[in-house]
Structure formats: structure tokens, C-alpha cells
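Assemble chains Y, V and H onto chain P, guided by the hints.
First to last, the sequence lines map onto chains P, Y, V and H. In terms of this note's numbering, the first sequence opens at residue 268 and continues consecutively. In terms of this note's numbering, the second sequence opens at residue 268 and continues consecutively. In terms of this note's numbering, the third sequence opens at residue 268 and continues consecutively. In terms of this note's numbering, the fourth sequence opens at residue 268 and continues consecutively.
For the record, the hints were derived by calculation from the structure and aren't laboratory data. Even glycine gets a Cβ: it sits at the ideal position worked out from N, Cα and C. There may be inaccurate statements among the hints.
To be verified - Which chain Y residues face chain H? A few, computed with CB under 7 Å, are given here:
{"id": "1", "residue": "Q361"}
{"id": "2", "residue": "F373"}
{"id": "3", "residue": "Q396"}
{"id": "4", "residue": "P467"}
As the list claims (entries may be wrong) - Straight-line C-alpha distance at most 30 Å; calculated DSS-like pairs for lysine-lysine:
{"id": "5", "chain 1": "Y", "residue 1": "K535", "chain 2": "Y", "residue 2": "K392"}
{"id": "6", "chain 1": "V", "residue 1": "K348", "chain 2": "V", "residue 2": "K529"}
{"id": "7", "chain 1": "H", "residue 1": "K332", "chain 2": "P", "residue 2": "K335"}
{"id": "8", "chain 1": "H", "residue 1": "K335", "chain 2": "P", "residue 2": "K332"}
{"id": "9", "chain 1": "P", "residue 1": "K542", "chain 2": "H", "residue 2": "K332"}
{"id": "10", "chain 1": "V", "residue 1": "K529", "chain 2": "P", "residue 2": "K359"}
{"id": "11", "chain 1": "H", "residue 1": "K332", "chain 2": "H", "residue 2": "K348"}
{"id": "12", "chain 1": "H", "residue 1": "K529", "chain 2": "Y", "residue 2": "K529"}
{"id": "13", "chain 1": "P", "residue 1": "K348", "chain 2": "P", "residue 2": "K542"}
{"id": "14", "chain 1": "H", "residue 1": "K348", "chain 2": "P", "residue 2": "K542"}
{"id": "15", "chain 1": "V", "residue 1": "K535", "chain 2": "P", "residue 2": "K392"}
{"id": "16", "chain 1": "V", "residue 1": "K392", "chain 2": "Y", "residue 2": "K332"}
{"id": "17", "chain 1": "H", "residue 1": "K359", "chain 2": "Y", "residue 2": "K529"}
{"id": "18", "chain 1": "V", "residue 1": "K542", "chain 2": "V", "residue 2": "K392"}
{"id": "19", "chain 1": "Y", "residue 1": "K351", "chain 2": "H", "residue 2": "K529"}
4 protein chains.
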Amino acid sequence: MNQPTYVLLIDCPDRTGLVHNITGVIYRQGLNITANQEFVEHEQERFFMRTTFSGAVDETLMLKKIRKVLPPGAWVRLTPKRRKKIVLLVTKEQHCLGDLLVRHQFDELNADIAAVIGNHDTLEKFTHQFGVNFHLVSHEGLSREQHEAALQEVIRRYHPEYLVLAKYMRILSPEFVAQHPNRIVNIHHSFLPAFVGASPYRQAYERGVKIIGATAHFVNNDLDEGPIIVQNVIPVDHTYSVRDMIQTGKDVEKISLARALKMVFEDKVLVHGNKTIIFD
Amino acid sequence: MNQPTYVLLIDCPDRTGLVHNITGVIYRQGLNITANQEFVEHEQERFFMRTTFSGAVDETLMLKKIRKVLPPGAWVRLTPKRRKKIVLLVTKEQHCLGDLLVRHQFDELNADIAAVIGNHDTLEKFTHQFGVNFHLVSHEGLSREQHEAALQEVIRRYHPEYLVLAKYMRILSPEFVAQHPNRIVNIHHSFLPAFVGASPYRQAYERGVKIIGATAHFVNNDLDEGPIIVQNVIPVDHTYSVRDMIQTGKDVEKISLARALKMVFEDKVLVHGNKTIIFD
Amino acid sequence: MNQPTYVLLIDCPDRTGLVHNITGVIYRQGLNITANQEFVEHEQERFFMRTTFSGAVDETLMLKKIRKVLPPGAWVRLTPKRRKKIVLLVTKEQHCLGDLLVRHQFDELNADIAAVIGNHDTLEKFTHQFGVNFHLVSHEGLSREQHEAALQEVIRRYHPEYLVLAKYMRILSPEFVAQHPNRIVNIHHSFLPAFVGASPYRQAYERGVKIIGATAHFVNNDLDEGPIIVQNVIPVDHTYSVRDMIQTGKDVEKISLARALKMVFEDKVLVHGNKTIIFD
Amino acid sequence: MNQPTYVLLIDCPDRTGLVHNITGVIYRQGLNITANQEFVEHEQERFFMRTTFSGAVDETLMLKKIRKVLPPGAWVRLTPKRRKKIVLLVTKEQHCLGDLLVRHQFDELNADIAAVIGNHDTLEKFTHQFGVNFHLVSHEGLSREQHEAALQEVIRRYHPEYLVLAKYMRILSPEFVAQHPNRIVNIHHSFLPAFVGASPYRQAYERGVKIIGATAHFVNNDLDEGPIIVQNVIPVDHTYSVRDMIQTGKDVEKISLARALKMVFEDKVLVHGNKTIIFD
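So here's chain P without its partners, still in its complex pose:
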């Protein structure tokens, strides 16, 4: 019989014997650890751990036993290793959506795209080509509060574990974000820090930058802030027009988002404060 596999994530203050004691709990349950990574952040003496193990487990009991060997205030997550259920939010640009739909169709995403929600209908037909649900939730004539309530109403039907902003161009309110803590992944059109304000590629062009980048990150309060998961770059030069820079930006965006999601969906990314710890 194929045993289920679990991923255990821990974030707590460091203290002596943590690894020994945690692995002891797993070991005494007769479970088999298949991977184990820890990291101690020495500025704040913080301990991070990712462990995968296989075997039959009473999850509640297991969590209780693990918490017993951890310091107070520890954050723990125990999840069976399985495909995530996700919902994508989009506006008009297709490059990230297209990349994710193709990966999804050929089962390379480690996730099920339950639905795509757009605030425009531009990508409806395209999404349907892949046999995926599309919901138009227009913001026209709605307050931000009303629009987000409408979004939440659709999202709730699917119970997604993650929301992916695949070039969703509306700011989300702190209230909305707070309902999905460390569960929203965004792709940002540049490095962070970066050119702020409108037309970032126009600004990059004017400044004569030699590199175009993208940043995939969790969304906390601010759309363009939050813990960074992946940053990538592609070199450009003076022969690139603003349009060429935009196209290059799209390529690096879609690759960066896909790489970030792969790691997030495999439970390899821990968030602490405004940083990520990635056990890749």
C-alpha cells in the first residue's frame, strides 16, 4: 500500500535540542522521514524547519505531540502532500495566465486551477479554450468594498488554498488580503524596490536600464510589497524600445511566477515577517 506523505513546517524561537526532539516525535510514531531541512536565522535566533515523512498519521494527535516539544509561540503546519486547489485573478494580459493554463492542462503545476476570475472579459474565451471556469466580476459601478465582496463570493464557492494574481491590475484592500494571509501570490513587473508609479517600463527605458526583472511575492498589505519568493532578470540594451522591454518583462514575469508557484505548492516556502525562507 502506498503510504500518504506529509509536510511539516515549523517556525519558532531557536533553542537547544529542537531538531532532536522534533524528529524524535516523528521517529517514535514509526514514521519515515524522507527529507529534512532546518535553518536558524541568527539575528533573531529563529528556527525554521521543513520535514517530509510518510506513514499513516492521526494529524491532530501528531500536531499536539509536536507542539509539546516546541517553545511557546511556535507556528506549525502539517499538511498532506497533495495538489493545491487554486483560483487565478486576471485583468487583460494573457502571458502569465497562458503559461499557467498550459502547465495545468499537462499536469505540471502541482495544482488544480478551479477557476479564473477576471475584472474584464478579455480572457474569457481564452480560458474556456482550456476547459477552465471563467467568472467575470466587473468593478464597473462598484465601490472597492462592493467589488471585493463580489470577488469573495465567487472565490468562496471553490475553497481555494491559494489565490494567484496573474497580472490582476487592481489594488486589493488590506481587509481582503487579511482574509488570505500568506495565501495570495502576485507577480510584480519589476524588482522591488523599483520604479514606482505609472508606466514603469517607460521609466526604465528613459533611465536606460540594462536589466529587466520580475518579482514573485506574497501579498500582505500593499499590492507591491510582501515577502519575495523569486526574482529573475533578463539583460536588455539600448536597442530595446519601450515595447521590446515590455515583451521581455512579460517573459521574465511568467517564468518567475511559475517558479514561485512550484515552490509554494510544494510547501517549500515559509514566511517570517517580510521575508521568505525557501527550502528548495
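Using the frame of chain P, we list chains Y, V and H on its own:
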């Protein structure tokens, strides 16, 4: 007999027939064009050209003939292809200086380092190991005006074609910079735009960036602004301490500065406004 | 009225006055040069040039005039700047095909995909999702000669300017290739030179490589040889399984192929012997 | 009082409870684990671990206790965290040597360069500039056996922990290599696999490659084989002459060697068969 080689650089408004007319001037002098690159910037309809040719030339006459076929307001530079004479300014960090001194000693820099000027004596002995002049021009007890006057006094003795700020950590005044237009190359500890203010690597660490970069650029008014010549990056992750990030930053700084200088000293870099056109 | 734009490509022995004479021909026709790049390869004293100009042109006359100012044995191509018509060949893997179909649907490819031909039907439904023709040309029970004759029969219906091997896993005969000189672009699963023989990723894994790459190139005689257009890499490490390496390889393959095609379809790639000259 | 820090490296067949049992040994000695990384290679079910801890330790006793909880045939190394003592071997090229000597002088190498040995005297004066011993051990008129005996005689005086081949251009015999198992680091002028035989850059140029790389690796039997530690690349294009490619190759060589040495000298690199496991 080995013929001298010349580099001709042109920056002017675009108009029909420019390439034909310019190459015609060279052609009719019986000179042999060995490389030729042009670029038209279509937003401002600006024409840029770099041509190398070999043969005996009356430089003044040649320039006069070329100007005749160019629109008014054209910028032209005609220089024999030869090693540049340069002066380095440093403070206390050795990584860029060391890299340049080693390249210089083995004749890989296409330039002669006439002298190194430091506002501290930290690198004096190190510079002397390479048989290169070192001048201490301390800023202690001097106004910025007085310090820069002292710098200029030393610089003037060497008639350098370029000043290289190899981790020179003092701000230069607009007056100083104006005396060396597009002749000062600086290496900046990050991308531009970037974390501003003190301790940029501390800020980068706090923000959890996944990439460390460096920017080599000409200095115009502001120390950390000016036309970008080279930008490079090296990936980092959560296991990097602030110290590791600083070390990584040094590696990417020295490589970026050396690449930028190579192109500048081969007259491959044109400056227009706040951008560079690089004919590499 | 919007004037047509032309791309002129030249490859010939170098000699004095070429740029002047060629641009003179264009200039005297009252045409406006919008971009111009030359490159002289000094080992063989070979001259390469790419010029774009706009205006109404008698193509045959123009070519005749240009040939007059070139040395004997010159290769010249004059083409209106327009979207290319292409046919893709595939087998079972979808990552490159998917990337190209998405770009095509949103008009980012500078080409029309007239049809996709597969030697398996695996990707038929997927191709149809994008409204693109799919032809199954199975090799089952056919000699290579017969199979290629069947392919040619389908290809000929579309008069494509380029064939793109988007993970087409059959060797093409020299006879087939010779009918499309410098008109077939392939994506290779590694650098060249590289691990040869079966299971290259298995070999790369065994060898513990730290970088995975891909090469987009023209096909001449041999499937995995021919002038290189683009090479890209993504770093890997010891935590990558063979499967992870394969996935990484797919990502770098699709990006590399798309970048190569963009440059080829904009007539920016010249082939000389076994090398490319790229005027990007 | 500042406690000493130790690095424990383990390579053994995987089995249940290893992490728990190993950390238990450390924990019961009252030692403080400051970092811990494990990796299980699933093809061969092999377990790798790197643990750093601080505290006063009886090394022999500690090793004995650890071996008790490991399967038979385990490889274990326990070393105090300290600067390594190294000897460099060079021939005529200075770029790697120069980079290492500058880092050494400013204490960035985590190692002491006890001596440099050259089979030519080209770099003697340069080495002396940095106050480092240089030994000329010419191979002229000697058999390989005699030359290596002479090398060993000089090396033995210094008791180095690592030999670094900083562009040492002679093949070492299997007998020589066997005396320094996994203790010789070499920098190779290309990827592996790569162009073999003489003039690799000439071959790369003829082939029109778009990327130049370098590989830092341990030397086992064959000079250009052995477990890969670091591979890096820098893009090139058709404008690069053979000479430009050589210069680019040097830059990527020196950076790659320095990065590899940093990880090796911090005991972050485990060797298993022909692969490395890097706990970075």
C-alpha cells in the same frame, strides 16, 4: 608600416543619407573602414554612429570635412585608438582597486593607471605593491571645496582622460563633476533604482531580496545617478547573512566595473542625455 | 500613406567603400534608411550588413543596382518587413508548442502558424483548442523516405517561409533539410557540445551538473548541429532529481526557442558557414 | 569565553531515525547546534548531513559516539571551524592567482595561502608582491614521476589541507591525485562536457557559441573530470573575437574558482562518487 587606427563617434539629429555621406568622407580620403555601427533612436530621431578606420589622417581637416555633412548641433569625436590614461579614486575597500591593479599589471585594461588617490591611506601599501603611485588627499579638516581643489591639483599633474571611482565613498560636487563631463565612471553598490540611504545591504537583507546587483555608470551631477553602462546580478537566498550579501556585492561590483571600463576605454560607449548607447 | 518597409541582408567579401556604396544606392532611390548595422569578420575578411529602409521600391531593380556595387559571390536578400508564415513540427511534448500557440493567439510571434504537423496525435486536441490546423503524419510503417515525402506533401500546401521543430523527435534526412536551407529552426535539449546519446538529463544528473541549458539553432545536415541562434541556462543543484532537471530543461527550451524565433522572424539573423551573425 | 565551533559531515546509507539519533549525541553532550542540513538522495537511498555546533568537545570520543548511531560504512568528518591552509599550483596565467592573492591579503578567503608553486617562474615576482612564498618547480628535463616527486617534496613542507590548481596546465598522475583525495580543486576553462583537445576557445569561436562558461571541480583521476562544485556562464556574441572569448573566459574562471573555494573552505561541500552535495 602599421597604419594608425581611429575611432569616430557621432551623435546628431537623424536625417536621410547620413551613413552614406559620412562613409563617403572617409572613403574619399582613401581610408579603410574596419568597423561601423549606427543606431537611430526613433523617439527623438537621433542618430548615433561609431566607425573605426585605419590610415594616415590629418585629424583637424578630417573633423572639418565630417562636420560639413552633419546637421547643425552634431557632437563628433575623433580619437586615435590607444590606451587611455586614467586616475583611480579610492577610500578603504580594495576589491575593485585590486581587480584593476592586477589587470593593469598584466596589461588587460587597455589603460594606464597613472595614479591612485585615496582620501584614507588604507590602500597605500597595497597600491605600491603594484608599483603604482598613491596620493593621500585627506578630507580631514577641509571643506568640500578645499578637498576637491586638493584633488584637482593632484589629478591635473597626470592629465588623465578618465577618472574611475573604485569605491570612492565621498560625494563629489556638481562643480567638480562638471570639469570632467562623461569622464568619471563610478561603481554603485546596487541596481538603480535601489535602496537609498545608509546600509543598503542591511536593507536588502531585511527585505529578503533574491538577487544582488551592481551598476557601473558615468557620474553627472549626483553620485548615484548618471548614464548606466553595465548592470549585473548574482542570485542570493535566505541563507545569506548581511556579511555574505556584502561579499557577493563586492564580487559583482568588481566584475561590472571592469566590464564597463573595458567598453569605455575602447570608445564603445556614447552618452546621450541620461542614457548610454553601447556599440559592443 | 504608410510606406512599406524593407529589410536588406548582405553577406560578401569585405572591401573598401561597401557601406558608402550600398547606402548610396538606397539614398539615390529617395528611400529612408531606418536602421543599419554592419559587421566585418576579420578572420575571413567577410562583410555582413542589415539595413532597413522605407519607401516604394521596385524590388528586382533595387536588387540589381545593389549587386552592381558588391563583389562577386555576394549573397543578398531583400524582403518586405512582414509577418512570416510558418509550420510547426511536433511529437508528444507540449511545452514549446503551448508557448508558441499562446504567443500566436495574442499576436506576439510576428508570424502566422499556418499548421502544426505531428508524427503522433498526442497534441492534436491541444492544437485545435487554439483554432490551428493539425495534421497527423505518422511514421508508422513508413520508410524515412516515405515519411518525409508525406511531410513535404503537407508542408507544400502552406508555402511556409520557416519550419520550426518544436520538440520534433525524428531525425530529418539531409535531402529533406536541403530543401529548406537555413529555414528550419530546432530547439536542442542542452548546450552544444553536450551529452550525446539517449537520456541526456539522466547523464547530466549522474554527472552532477550545476547548470541546465538549451540551444536554438538552424538545422543544416545533422539534427543537433547547425548555426546557433540562442543559448540560455538556468542553474540547478544537487536537490534536483532527474525529473526536476527535465522540467527545468523544458522551461529554458521554450524561452530560448521563442527568443530565437523572434530574431529570425524579424530578419535579424544571418548565417555564414556554421555560425550566425545576429543584428539585434 | 568564546566556544570553539565544529563542522560535522556525514555520508552514509539512509535509515530511519538518523537525524534524531545524531542530534541526540550532540544534544546529550550539552552542545549547541547552530546549523543543520540534511539531504537524502533517493536513487541510492544515501543520507548526507552537515551540522555545525559550538562547545568544548573531545573530538575522538565524539566521533566514536556518532559512529555508534550510524550504519556500517558511514563516512564521517569532524573538523573545528577554522581557516584552511592551502598551496596553489600555477603555470603562467595570472587571473585566478591574482584574484586569490588579493582576497587573501584582505582576509576574504577563509584560508592561508602557505605557498605558490609554479612550473614556470612567470608569476614569481607577482606572488612576491603579496609577500607570499613562491617555489619554482620546473618540469624541464624531468619525467612526470620525477617532477611530481619534486612537487610533493615542496608541498609536504607546508602540510596544506587543500591544493588549488589556479590555472596549472600540467596533467597530474593518478598516483599524485590519490595522495590528496577530494583535496585538489581545479578550474576548467569550459563547461563539462565541453570542447576537448587543444584551443577550446578557438573551437568555441568556430562553433559560434553564445555562452562562455567555467567549471570548478575536485580532481580525481582525470584533470578535467571530477565532482563539479560550481559552474558559471557569461553570454557572448558574434562580435567576440577569439581573444575576447579568452578574456571573458578568464573572468568567469576566476569568479567561479573563488566561489567554489569559499564553499569548500567552509566545509560545505560533500563528495559522493562523481557528484557534490553542497550545503550552502
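For this session: State the violated hints by number, sorted upward, taking the hints as numbered earlier in the document.
Result: 4, 5, 9, 15, 16, 18 and 19
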